[in-house]
Every structure is written in structure tokens, then in C-alpha cells.
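Start from chain A and add chain B according to the hints.
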Amino acid sequence: MRILFRTAVWSAALFAALVATVLASTTVGSVNLDIGTVARAVLNTLAYPSGVSVESSQLGLGERVVQVPVPDISYTRPFGFEVAETDQIIVQKIRLPRIALGAVVGFALGTAGAVMQGFFRNPMADPSIIGVSSGAAVGAVATIAFPVAIPFGLQTAAFFGAVLSAFGVYFLATEDGRTPVATLLLAGLAVQTFLGAVVSFLLLRSGEGLEEAILWLMGTLRYSNWGHVEATLPLAVLFFIILLVYARDLNVMLLGEEEALALGIEVERTKRLLLVASALITAAAVAVAGIIGFVGLVIPHIMRLLVGPDHRILVPTSALAGATFLVLADTVARAGTAMPVGIVTAAVGAPFFLFLLRNREVHAL
Amino acid sequence: MIRLDGVDLSLAGTDVLDGVSLSVERGEFVALVGPNGAGKTTLLRAIQGILDPDAGRVTLGGERVSDLSASAVGRRVATVPQDTSVGFSFTAEQVVEMGRTPHRSRLDWSDDTDTVEAAMERTGTLPFRERVVDSLSGGERQRVVLARALAQEPDGLLLDEPTANLDINHQIQVLELVSELVCEGRAALAAIHDLDLAARLCDRLLLLSDGRVRARGPPGRVLADPTLADAFDTETAVSRNRVTGTHRITALPDRPDRSGRVHVVGGGAGGVTTLRTLWRAGYEVSLGPVPEGDVAASLAADLGLRTVTAPAFEQPADSECAAARDLARTADTLVVAGHDAGVVADRADEVPHVRVDLGGSGLRRTAGDGGETRVVGSETELLAAVDTYMNG
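As given, the protein sequences belong to chains A and B, one line each in that order. So in this note's numbering, spot 100 of the first sequence is number 100, and the numbers just go up one at a time. So in this note's numbering, spot 331 of the second sequence is number 331, and the numbers just go up one at a time.
One chain only, chain A, in its complex shape (with noise of 0.2 Å):
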């Protein structure tokens, strides 16, 4: 059970950090507020689910109009605490979305990474590998060079492009039943490469939409709402579940494949269903953050050196830091220029990485 102390001790204290650094950053702003109302007012916005009632909306199809059932969760809100109204408003419509957001992009992200760089047994190895980040780029820069106006088209467009070009590499990578590590990292690269030069063609057609669409691609939370936190947030739990779940399966497949399967891994099914969890996870938070670099690579390689090898304990810990490590990101990139917080995770994180591998043992795995 040390294991399972281990992780307890580290996820608390990681969590705790977690949310001191959410309440920390939203005081930073145009308005300065102070860490009680900051306080007070995010309890406030906490809500849980209580109930769940379906209605009908309406969908036009051509000329028809369909009724559709659409679940209608209703919300209850556990806190009252007395805060000026102006301030509840700036906590909860304007900062609070994006921060949460951010921690919930960095939890998928630091996830991801960690999964990754185990099964590929690579330190290079970083959540977009698989191709997800440029399918989604695809999708994303494709709705704005031609705007379609469904709700949430970028993000849906940017998830299944994700989706779709991970899934195209799988397949890709598979023959007779087997998925060899190596093949799939080659056919990543290559779908990679191609889907770039799909993403540089769009952009040059996206007329008036380019700046946003250079936006997304490096990464920002300025676009963000609580609809977002609410359509990534169950994804990125479930899948982080899965991910925990096999996360010894992890550990006895890098001793290599062929040991695992002697040790009773069901190691093609294991690999699947990691890639499938991973991949799903990444589009979630690319999805609608764009692509943001570095948080899945260095994080996992930082919480290595801390907790060690063991993905029992290297999971949850790479999560809850690359959820602090995006939400102070992005708080600097909120607080000083309005930079894409891509921009700041790369420029702090790529730094730091260098400090790690000239002075602690971070060019082995």
C-alpha cells in the first residue's frame, strides 16, 4: 500500500496547490481583488448537478423542423457568501471560466504526456505524437478560413480533425492485429508533416480569419467560457479514470512488449485502448485551447525526477501539475501582454527544461 500513500500524499498536496494558485490567479486583473472576495466568490460559483429534465428543442432540417430531446441538467449552487455584485460578475463570468479552463486543459495535457512518453517509451514523446494536435489544428483553421455557423463549430470541427487523424494513424500504423511502437511514432510524423502543409494551405485562404486562426494555433484560453469548461471537464475525468486504471499496465509495458505479454499483459488490447484514452483526452483539450506545447512534455519529465517511474503515482501527479503549471501560464499571459499562453508555457517551460537536463539526470528516461 506505500504506493498508494504515495500518490494520496502527492495528489493532496498537488491539489492543494492547485487551488491556492486558481484563487492566487484570479486576483490578477484589471481590478484587483482581494484573496477573501476571490475566495468567497469562487465558492460561490461551485455548483453541482442535481437533477436532469428533458426537453425539447427545436432543429430545422431543410424545410422540416424536428423536435429534439435534449437533456437539460439543472444546477444547484451549495454557497451564498455575501460579494458585491460587480465582483461576484468579474470572478465568475470573466476570470473564473478561463482559469478553470486552463486547469482543466493542463490535468488532459499533463495526462496525456505522462501516458505518452510510457508508451512510447521515449522521452520526445509529448501528446501531440500521434498526430492529434495538427488533425485538430485541420479542423480548427478550416472553420475559420470557411465559417459553418453551428455553436461551438471550432471546437467540434478541432476535436473530431483530432480525433479522426489520431484513429488515421493508428490504422496507418497496424497490421495483421499488431501495432509496433516504432511504426505508429513514423506514421505520426508523417501524418504530421502532411497535415501541417493541409493547415498552411488553409491559412492562406483564411482571408480575414488568419490572426485568429494563428491565435488558436499557438494555444490560448481568451476564447473561453464555462461551456467549454463544461464540454471538456467530464472527458477529461473520464478518460484520466482510464488512463489511472491501466496505469500499471503502463508500468510493466516498458519493460517491452513481449515481457508484458509474458507477465499477462494483454498488451495489443492495453495499447489500443491507452491510445484511444490519450488521444481522446489530448482533442478534448486542444480542442478548445488550441495548441499549447510544452505542458505535456515537461511536466511529466519534472514529476519523474520528484515521484520516479511508476505511472500509479506519475499520472495523477503530471495532471494536477500541468493544471498549475497552465493556470500560472496563463495567468502571466493574462496579466502582462495578452500573449497566447502558448507562447508562455513555451518560453517558460522550454528554459526551465534545459536548467533540468544540465543539472539533474533528465537525458535518460
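Rather than coming from a laboratory, the hints here were simulated on the basis of the structure. You may find that some hints are simply not true.
Said to hold, decoys possible - DEER-style ranges, computed between Cβ atoms:
1) B/ASP108 with A/LEU273: 17 to 23 Å
2) B/SER179 with A/PRO180: 32 to 38 Å
3) B/GLY304 with A/ARG272: 54 to 60 Å
4) A/ARG272 with B/GLY56: 27 to 33 Å
Remember, predicted model here, so these are calculated numbers, not experimental data. Using N, Cα and C, we set each Cβ at its ideal position, and we do this for glycine too.
Using the frame of chain A, we list chain B on its own:
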């Protein structure tokens, strides 16, 4: 425990295993020997269920491998691979603990400390339990992997060249440990390329060549089997290791072709050198009479030469003298290694022969009446003299 019946298996269109049948029971340590590319690793992989046979069946404890889940196979047999680099900085203890995988559910995060510690105690790996596996030496790491196999609590062990990367002392340690585990009632099947080690520590050998089982049985029998030399495409000599008393095999160098038979008279160190020189030069060699137990006699036996021996410290019996004389008479050249041509002296005096004095003991020219005799003092001279006689 481990059983194959008529297993055929082809990889990428090439037949790798062809009608292989074998069984390894509990308490048996069987070595799989054979040249590179014989199909040893493929055979082990078929037993693990990594490869499916095209025909025939592989069973573990009576159940077909193809019907068993990976974890059910993992509870029955553990595998010790040749290459044991791990990657990522797992500690020795974490690696051993992974051996518990087939016994535990995915959500069971407990340590299984008792089993893990017992396995590490057994393999002498407890002293470095906290050390990162990749910082261990090859021998230590191989013992960690063996501990992991033990933690699996299997009935059978499959070992693929478990000693290939180890020093000579660690080779013995690892295989002796396997041997002990077998004595406790496990079955072990090991692909081992070192035939001497295999003969020394295993109960039975199984010679695999070109995907077929060519010979099987106790080490002495398999090593002496002519199919072994064919399988390895080299001449071999089987002898006994004087220290361990077990069989030892030596692959012999390629010999040039020389026709003709040389009969050698005389034993001892001089006889041995003479035999070796002539045999390596490519001549057919016969020997006799020599005392039983003479070093030359045992070399001749190892090389499978025709030899006449007589009881030590006795005059050769008439029948032995006659046999030796026959060999000498039908030989193309006679070499006398030592002072005395002994019982074939009359013959030696009649025909041209070479006297060898490799000890430098001052052998004088003692040409007989009828024959031309040369006295030589070195291996080169010996060979040159014999070559001269042979070529007329």
C-alpha cells in the same frame, strides 16, 4: 507441464518449426541446444503464446495455450529473456513486484511484500532492492529478472539464452539457481548456446536444427550424437571435464584434406602431440597399442580414432598385438612416437617410418634393416616427413 505435439510454425513464409514435439515435466531441467537460427527462440515464443502454431498443439499443464488468457499463461510459466535492459528508473524491487502482475487485479495496488521479498532473498538481490535496475551489472540485473520470474510463482520457467551476456561465474550462479528451482518441482526449458554449460546443469538436452528435433536425451548421448556435429556443421570432440565430471564438447577446427592413414605407436605426451599434429593436418590416424588410460588413448577416444588399448602395466595380449599389427600393416605410414616401436617393431623395421622425439631425449637414429627411417624433433618436421612418405 510444458508439452508440444507436432508443432509446425512458419514466419513470413519460412518454415521455422517443423513437427516439433517435446515435453518438460516438473522437476526436469531441459536445455534446448542448436545452432543460431535453429528455431529455439521461436519455440519458446510459441510456448508463451506469442506465436500461434500453424499445426499441432502447445499445452501448459494440460490446457492449450491458445485457449488461455495472457495472465493465465503468466501464472503457469515465467520467462527470463536474454536482454534485460529496462529503461525508466525502476528500482530492482519495483521490477520484481511486476512479477505479481498476473496474480493481481488492475486495481489492486498492494505491495505483496512477502512474495517479493522471498523471491529477492532467494536470488540474492535483496542487498540492492532500492537501486535503479539500469545501474546494476549484467549479472545482478539477470538475477533481478529471475527474481521477477520467481515472484510470478510459476510452475514452469522458460529461459532464452539466460547466460548469454554474463561472466563465467554469473553464468554458473544463474543456472545453478534455476537448477535448484527445478529440484523444488518446477519445470524449466532453457535455450542455451553453451553446450558445456547445458551438459553440466541440465537433465536432458534437446537438439534443434532447421526447425526439427534432431536428438534428445541425456547430455552425454546428445553431445556424442553425430547429428550434433551435422547440426553445427563442424567436427566435434566430446570429452569429460575432469573437474566437474560432466561432458564437455569441443568444436574442432576445419581440417585440410589429406588422404592416407597414419598409424601411430606410442603414448604419453609425445603420442598426444603426434596424434594432434597429424589429425589436424587432415590425415586419418590410428593408434596402438597404448595402455588404457593413457592420455593419447583418451585423446584418440575423444576424436573417435581407431585405437588398440592394452591393460596398463601389463604386456599387451597376443590378440591386442595382432590388432595393432594389422592397423600398422594397412597404414600408409607409420610413426613411432617414443623410444620403442614395441609390438609392431618387426613391421616398423620393414617399412619406412618416422620416429618422433619431441621430448628432445636424445633419440638416436635407429634405422632397421629393411626400412628407411627418419628421426624428427618437431611437429613441423614430423608433418613434412609424413607428407614426403605419403606422396611417395
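Hints, verified against the model:
no. : hint                               : in the structure
1   : B/ASP108 with A/LEU273: 17 to 23 Å : holds (19 Å)
2   : B/SER179 with A/PRO180: 32 to 38 Å : holds (37 Å)
3   : B/GLY304 with A/ARG272: 54 to 60 Å : holds (58 Å)
4   : A/ARG272 with B/GLY56: 27 to 33 Å  : holds (30 Å)
Hint compliance for this structure: every hint is met.
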